[in-house]
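Numbers given in the working numbering equal positions in the sequence shown, counted from 1, plus 29.
FYI, nobody ran anything at the bench for these hints, they're computed from the structure.
Bear in mind the structure is a predicted one, so any value in this text is a computation, not a measurement.
Don't take each hint at face value.
Unchecked claim - Pair by pair, the computed Cβ-Cβ distance ranges are:
hint, residue 1, residue 2, range
1, His95, Asp33, 12 to 22 Å
2, Gln80, Pro48, 18 to 28 Å
3, Ser55, Ala82, 15 to 25 Å
4, Asp84, Gln45, 34 to 44 Å
5, Pro48, Asn81, 40 to 50 Å
6, Gln49, Gln80, 16 to 26 Å
7, Ala83, Pro48, 31 to 41 Å
Think of the CB as a built atom: it goes at the ideal place given N, C-alpha and C, for glycine as much as any other residue.
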Amino acid sequence: MRRDVPRRLDLCYALQSAPQQLRFFSHPVPAGVQTIFPPGLYTVRIRVDAQNAADVEGTFNIDFTHGWSQITITVA
30 MRRDVPRRLD
40 LCYALQSAPQ
50 QLRFFSHPVP
60 AGVQTIFPPG
70 LYTVRIRVDA
80 QNAADVEGTF
90 NIDFTHGWSQ
100 ITITVA
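Assemble the whole structure, with the sequences as input and the hints as a guide.
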């Protein structure tokens, strides 16, 4: 993998069967901790670590106010 080539990242999603729940991809969390959120506007900061490469951080705005199939993610 080349460091200077952008890669797509699936950050979050919603299901048609649960349209009011924004779900985030995340590592396993302790029992009782949710990674599901209601409709709204969110700001998330992501850090990517890799061997033999500098760490990279990015901040993104997520608009989950227009339905399960219209999630908008922009760079903050």
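Going through the hints against the structure:
no.: 1; hint: His95 / Asp33: 12 to 22 Å; verdict: 34 Å, violated
no.: 2; hint: Gln80 / Pro48: 18 to 28 Å; verdict: 39 Å, violated
no.: 3; hint: Ser55 / Ala82: 15 to 25 Å; verdict: 22 Å, holds
no.: 4; hint: Asp84 / Gln45: 34 to 44 Å; verdict: 36 Å, holds
no.: 5; hint: Pro48 / Asn81: 40 to 50 Å; verdict: 42 Å, holds
no.: 6; hint: Gln49 / Gln80: 16 to 26 Å; verdict: 39 Å, violated
no.: 7; hint: Ala83 / Pro48: 31 to 41 Å; verdict: 39 Å, holds
The structure does not agree with the numbered hints 1, 2, 6 stated previously, though it agrees with the rest.
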